[in-house]
Amino acid sequence: MRLTKIGALAAASILAFAACSTTGTAPGGSAAGGGGTGKTVKIGTELPMSGAETANGEPTANGVKLAIKQSNAKGEVPGYTLDINVQDDAVNGAHDPQQGATNMHTLEADTSVVGVVGPFNSNVAQAEIPISNAGGLLQCSPANTNTSLTYPPDAAQYRPNNPDKINYIRLAAPDSIQGPAGADYVFNDLKAQSVYILDDTETFGVGVGDSFAAQFKKDGGTVTKRDSAPKSTTDYTPLFTAAAAAKPAAVYLAGTTPTGMGLALKQGRTVAGFESIPFMGPDGVADLGPGGTTGATITVAGAAAHDVFGTVAGIHDLPSGSTFVDDYTKEFGKAPGAYSAAGYACAQVIIAGIKAAVAASAADMAATREGVRSNSIKAGNKFDTVVGSISFDKNGDITTPFMSFYKTDLTASGGKGDWVYVKQQAFTDPNAQ
Amino acid sequence: MRTDGRRVLRITASVAGALLVAYVVLGVQQFQNFLTLGAIYALVALGYTMVYGIIELINFAHGDVFMVGAFASMWIMTVPLGLADRPIEDPIRLAGVLLIVVVATMLLMGTIGVIIERFAYRPLRHAPRLAPLITAIGVSFILQNIIQAVFSPSPIGVPQVFPRVKIDLLGGSIGVLNIFMVIVALALMLGLQLFVGRTRLGRAMRSTAQDRQAAELMGVDINQTIAITFLIAAALAGAAGVIQGLYFGSIQFNLGFFAGLKAFTAAVLGGIGNTTGAAIGGFVIAFIEVLAAQLGFSRWSEVAVFTVLILVLVFRPSGILGQALGERA
Amino acid sequence: MRSSLAAVVALARRHRSLTILIGWALVGALLPMIVLIPPFSTFQGQGLWIGGFANAGVFILLALGLNIVVGQAGLLDLGYAAFFAIGSYAYAFGASSFTGLHVPFWPMLLIGALAAATFGVLLGAPTLRLRGDYLAIVTLGFGEIVPAVFLNADKYTRGTNGIGGVAQPELPIIGKFTFSDSLPFYVTMVVILALVMVFIYRLQESRLGRAWQAIREDELAASSAGVNTITTKLLAFALGASTAGFAGVFNASKLGIVSPDQFGFAVSFTVLAMVVLGGMGNAWGVAVGAFTLYMIQSVLLKQLNQFFGGLHIPVLQNIDFVQYQFLLYGLALVGMMLLRPEGLFPSRRRQQELHGDADTVDGAGPTAETSDALADR
Numbered sequence: 001m002r003l004t005k006i007g008a009l010a011a012a013s014i015l016a017f018a019a020c021s022t023t024g025t026a027p028g029g030s031a032a033g034g035g036g037t038g039k040t041v042k043i044g045t046e047l048p049m050s051g052a053e054t055a056n057g058e059p060t061a062n063g064v065k066l067a068i069k070q071s072n073a074k075g076e077v078p079g080y081t082l083d084i085n086v087q088d089d090a091v092n093g094a095h096d097p098q099q100g101a102t103n104m105h106t107l108e109a110d111t112s113v114v115g116v117v118g119p120f121n122s123n124v125a126q127a128e129i130p131i132s133n134a135g136g137l138l139q140c141s142p143a144n145t146n147t148s149l150t151y152p153p154d155a156a157q158y159r160p161n162n163p164d165k166i167n168y169i170r171l172a173a174p175d176s177i178q179g180p181a182g183a184d185y186v187f188n189d190l191k192a193q194s195v196y197i198l199d200d201t202e203t204f205g206v207g208v209g210d211s212f213a214a215q216f217k218k219d220g221g222t223v224t225k226r227d228s229a230p231k232s233t234t235d236y237t238p239l240f241t242a243a244a245a246a247k248p249a250a251v252y253l254a255g256t257t258p259t260g261m262g263l264a265l266k267q268g269r270t271v272a273g274f275e276s277i278p279f280m281g282p283d284g285v286a287d288l289g290p291g292g293t294t295g296a297t298i299t300v301a302g303a304a305a306h307d308v309f310g311t312v313a314g315i316h317d318l319p320s321g322s323t324f325v326d327d328y329t330k331e332f333g334k335a336p337g338a339y340s341a342a343g344y345a346c347a348q349v350i351i352a353g354i355k356a357a358v359a360a361s362a363a364d365m366a367a368t369r370e371g372v373r374s375n376s377i378k379a380g381n382k383f384d385t386v387v388g389s390i391s392f393d394k395n396g397d398i399t400t401p402f403m404s405f406y407k408t409d410l411t412a413s414g415g416k417g418d419w420v421y422v423k424q425q426a427f428t429d430p431n432a433q
Numbered sequence: 001m002r003t004d005g006r007r008v009l010r011i012t013a014s015v016a017g018a019l020l021v022a023y024v025v026l027g028v029q030q031f032q033n034f035l036t037l038g039a040i041y042a043l044v045a046l047g048y049t050m051v052y053g054i055i056e057l058i059n060f061a062h063g064d065v066f067m068v069g070a071f072a073s074m075w076i077m078t079v080p081l082g083l084a085d086r087p088i089e090d091p092i093r094l095a096g097v098l099l100i101v102v103v104a105t106m107l108l109m110g111t112i113g114v115i116i117e118r119f120a121y122r123p124l125r126h127a128p129r130l131a132p133l134i135t136a137i138g139v140s141f142i143l144q145n146i147i148q149a150v151f152s153p154s155p156i157g158v159p160q161v162f163p164r165v166k167i168d169l170l171g172g173s174i175g176v177l178n179i180f181m182v183i184v185a186l187a188l189m190l191g192l193q194l195f196v197g198r199t200r201l202g203r204a205m206r207s208t209a210q211d212r213q214a215a216e217l218m219g220v221d222i223n224q225t226i227a228i229t230f231l232i233a234a235a236l237a238g239a240a241g242v243i244q245g246l247y248f249g250s251i252q253f254n255l256g257f258f259a260g261l262k263a264f265t266a267a268v269l270g271g272i273g274n275t276t277g278a279a280i281g282g283f284v285i286a287f288i289e290v291l292a293a294q295l296g297f298s299r300w301s302e303v304a305v306f307t308v309l310i311l312v313l314v315f316r317p318s319g320i321l322g323q324a325l326g327e328r329a
Numbered sequence: 001m002r003s004s005l006a007a008v009v010a011l012a013r014r015h016r017s018l019t020i021l022i023g024w025a026l027v028g029a030l031l032p033m034i035v036l037i038p039p040f041s042t043f044q045g046q047g048l049w050i051g052g053f054a055n056a057g058v059f060i061l062l063a064l065g066l067n068i069v070v071g072q073a074g075l076l077d078l079g080y081a082a083f084f085a086i087g088s089y090a091y092a093f094g095a096s097s098f099t100g101l102h103v104p105f106w107p108m109l110l111i112g113a114l115a116a117a118t119f120g121v122l123l124g125a126p127t128l129r130l131r132g133d134y135l136a137i138v139t140l141g142f143g144e145i146v147p148a149v150f151l152n153a154d155k156y157t158r159g160t161n162g163i164g165g166v167a168q169p170e171l172p173i174i175g176k177f178t179f180s181d182s183l184p185f186y187v188t189m190v191v192i193l194a195l196v197m198v199f200i201y202r203l204q205e206s207r208l209g210r211a212w213q214a215i216r217e218d219e220l221a222a223s224s225a226g227v228n229t230i231t232t233k234l235l236a237f238a239l240g241a242s243t244a245g246f247a248g249v250f251n252a253s254k255l256g257i258v259s260p261d262q263f264g265f266a267v268s269f270t271v272l273a274m275v276v277l278g279g280m281g282n283a284w285g286v287a288v289g290a291f292t293l294y295m296i297q298s299v300l301l302k303q304l305n306q307f308f309g310g311l312h313i314p315v316l317q318n319i320d321f322v323q324y325q326f327l328l329y330g331l332a333l334v335g336m337m338l339l340r341p342e343g344l345f346p347s348r349r350r351q352q353e354l355h356g357d358a359d360t361v362d363g364a365g366p367t368a369e370t371s372d373a374l375a376d377r
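Protein chains in written order, with the numbering used here: chain A, 1 to 433; chain B, 1 to 329; chain C, 1 to 377.
Hints in this document: simulated from the structure, not taken from any laboratory. Certain hints may be false.
[Claimed, not checked] Stretch by stretch, here's where chain B covers chain A in the computed footprint (C-beta under 8 Å, at least three residues):
#, stretch
1, 160-167
2, 258-269
3, 289-300
4, 336-346
Built from N, CA and C at the ideal position, the CB exists for glycine as well.
Throw the hints in and build the complete structure from the sequences for me.
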């Protein structure tokens with residue numbers, strides 16, 4: 001009895017304090033300061049910015065920075081200066097869902113943030129969407145591919161507070177496209193009838209591996225063996241030795257290089273039967289980093305990185321007349337990463353939403369936030385972005401997903417080795433049927 | 001003496017039998033993988049068992065010493081020796097390079113081992129049991145973070161100087177590198193046995209392990225003996241690090257954690273404190289892992305290894321070769 | 001003035017539980033206020049601070065639970081996150097769209113704790129007779145096995161995807177807790193912590209608490225004095241595990257998703273560092289240690305990043321302080337063991353043990369060494 005009273009007292013006093021403090025806002029981490037007058041409105045980024053995954057997050061965030069800078073220079077949103085709030089979800093060198101959730105709380109609490117670009121990793125998205133959903137904050141992921149994030153009925157579980165408010169959109173084609181696209185490529189283009197699949201036990205790897213396997217079988221090929229090895233694995237040779245018995249004609253590395261696929265490639269090549277057959281991987285393997293880039297597949301695998309093919313769940317050829325690559329290179333002194341353009345495009349979608357909300361004279365930041373969210377998935381809305389004219393379906397998936405194909409060339413980039421572009425392919429809206 | 005000889009004979013016969021079974025179960029190619037992996041685990045496990053034998057400390061940082069050894073060998077190859085990532089075809093030059101790398105890494109790691117013992121463990125020699133163990137965990141974190149800061153958290157390639165030549169042997173094609181690794185490991189283990197069994201210092205180590213106070217009374221320099229134990233343990237881990245880098249080609253700052261845990265399991269399995277047991281334990285763990293991969297249960301291999309660890313500790317805490325120690329408080 | 005203070009202290013001694021409750025109520029009420037004052041207010045808004053405090057509460061709870069095992073009974077548990085995982089998954093099974101079950105949060109708190117305690121007993125019963133450092137390794141192995149099983153048994157756990165859509169608590173007046181407002185979570189956590197703390201202090205002064213202490217100091221002597229060492233240790237293990245179970249249920253409902261990667265060894269070691277830093281054996285010390293470390297890792301390191309990122313000092317600017325969180329733990333563990341093994345806020349008893357030892361270590365006092373020698377026979 002005594003207890004409940006004290007608890008209630010504490011609760012009451014806390015409520016009182018909270019009530020008188022809701023006006024205080026946090027400054028957040030601002031990087032791209034603007035010189036303009038008027039109100040500041042921010043786009044958040046929530047990406048892995050440190051450790052082994054810097055190569056994933058940093059170029060993507062740079063894309064957002066560039067979009068903000070150019071938009072400010074043009075004065076695209078009258079009366080407002082755009083700014084950025086950068087959050088990093090890498091802990092001890094690897095993306096961390098718990099850290100992502102904390103970051104999302106931070107962004108959600110920064111009332112001047114009206115949209116977020118990110119995250120990069122699907123399991124981080126699973127922890128973040130419930131939070132951004134409760135705050136009505138739009139998340140635009142340039143890179144997430146896990147199907148459960150958007151596909152009903154799975155996706156509904158991430159929106160417990162506002163089940164009907166879609167607040168998560170993505171530019172990358174989901175695994176249900178990327179896996180099969182890889183399977184078709186291996187079967188039709190590489191002419192391999194049998195494949196060995198190795199995944200990294202992570203959300204992304206397992207998902208893309210499953211959909212690859214299903215399509216490859218549908219094509220008429222054989223999956224000779226399927227293995228899962230956690231990222232703590234250091235010795236992949238026994239796996240490849242066991243897999244060699246069935247003499248697969250190709251290997252699909254379902255995972256990412258930071259979670260072991262680069263090492264698997266390097267060691268797999270030393271096992272009899274795997275010396276020269278093609279290896280294929282999704283965008284976690286096709287990181288488009290030239291040899292010498294810290295942590296990139298070609299750097300990790302070294303001389304073993306020959307005849308490696310990869311898909312990237314986005315567009316390669318930007319619409320003609322785009323100055324994006326030049327602008328980016330000028331601004332940051334290096335070529336864009338695999339998801340720089342997608343980050344830029346996500347920022348463009350959010351900026352378009354801000355413009356629409358301002359035009360509709362949104363009362364405050366909360367109304368702007370809601371405007372950005374609803375604008376992005378409104379039926380019939382099209383966005384002119386650096387990756388072309390795009391729109392999102394009722395689940396938040398891009399209606400015109402693209403898949404780009406690359407292969408390694410160890411003589412490229414002055415002998416350091418690099419990924420070279422092969423082709424790109426348009427797909428139809430996965431949720432259309 | 002006669003019973004001792006018989007015991008050696010019995011162990012040798014059992015090991016030969018076990019190897020034959022492994023060969024039959026795994027097939028040639030996997031047998032080679034098993035021996036190579038086992039050699040690494042065995043070398044690391046020896047360090048655990050020696051340190052535990054002498055000061056009853058689970059040197060939690062030992063796995064990370066192994067990891068640092070791999071990085072040290074990578075650094076020695078790339079910076080002072082300036083080697084590129086391509087095989088050295090000239091056998092004499094290759095032998096010279098390997099000798100330099102192995103010896104330099106072992107010396108460097110031995111020194112690091114002694115430094116760690118001097119500053120992290122020696123001050124706690126009389127503290128309650130958990131204190132040095134907690135310190136060891138701390139040292140493990142510190143080593144990992146230093147390597148991460150110096151070499152980046154990403155996997156780093158080790159120059160592949162050893163040509164990937166294969167020869168036909170035992171009805172399969174066996175890598176020369178694998179043979180080299182196993183021979184190096186066995187030579188080091190044999191050297192250790194001789195050192196512990198035949199030299200004055202080795203006798204000092206054994207007597208300190210048995211009864212520190214009595215050894216001290218007999219004129220053994222305890223501090224020196226313990227320091228030498230750490231030196232040898234860390235040098236062996238360094239050698240394991242060299243072959244790890246040479247064979248797997250890529251190393252990362254966190255590779256010591258699981259490798260260390262598995263090697264510790266190996267040490268426990270073989271009967272902690274018993275060097276022959278540790279070596280055998282290393283091969284048993286490698287067998288479990290390779291078998292799991294062979295049967296397509298690779299995702300369960302970690303669970304299998306740790307389950308073995310728990311089961312051994314529960315049902316036979318003295319390990320395969322350990323004397324019955326009875327229950328210890 | 002002084003006499004009235006003395007009277008208060010005396011009163012506090014006599015009504016320990018009440019004092020703890022009032023203490024937590026005060027702390028719980030003051031924390032949200034303090035963060036309105038600079039410099040705290042400049043780091044982040046109050047809502048975020050409160051969310052952070054609720055998360056810190058999870059770690060305080062874990063540290064308090066581990067403290068029962070490590071600090072009070074002297075058993076080193078390196079796989080404590082396993083029980084955290086079991087509590088979390090218990091709640092995810094009991095209250096999510098995945099299983100279709102919707103058991104309310106409050107009974108699930110107890111069920112989660114019970115589930116964790118059950119596994120604690122199952123693991124402890126065969127292993128607790130092992131000597132301390134063997135036990136440490138067994139628990140470390142267990143800590144690796146549990147998340148691996150949740151990862152690999154994907155038919156029942158959705159594997160690496162984790163179980164999403166985990167339900168939030170509901171209360172009559174407040175309704176369902178939401179992700180946008182951390183305050184109800186915070187208040188819940190403060191109440192849980194207050195209750196757990198009262199329980200812990202009661203335990204400490206009970207027969208069982210004294211038995212733990214005896215075992216920690218000299219197991220052989222305790223055993224000869226009639227303490228059933230196995231049962232006593234088992235109880236410590238089970239109670240520690242159940243506290244982690246509480247934390248797991250709470251964390252699952254606050255995060256809304258449970259996945260195997262939340263329960264790696266990093267969690268176990270973080271909590272251990274908290275216990276060691278705070279002072280093994282002293283519940284308040286451990287709570288402060290856990291709170292401090294959590295705040296350092298979640299707020300201070302980030303602030304340092306921003307601070308030095310903003311200044312244009314060549315080297316410091318590029319250091320990512322958050323990356324080196326484990327370096328900090330490592331230094332803390334080594335430094336504490338070498339310089340102040342009793343922790344920052346030691347329990348009086350523990351301090352005596354540690355420093356009493358140091359004084360008599362070369363003599364023939366009842367030191368760790370001699371008791372080991374005895375045990376070694």
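We went through each hint and held it up to the structure:
{"no.": "1", "hint": "160-167", "result": "violated (count 0)"}
{"no.": "2", "hint": "258-269", "result": "holds (count 5)"}
{"no.": "3", "hint": "289-300", "result": "holds (count 4)"}
{"no.": "4", "hint": "336-346", "result": "violated (count 0)"}
Hints 1, 4, counting from the list given before, are not met by this structure.
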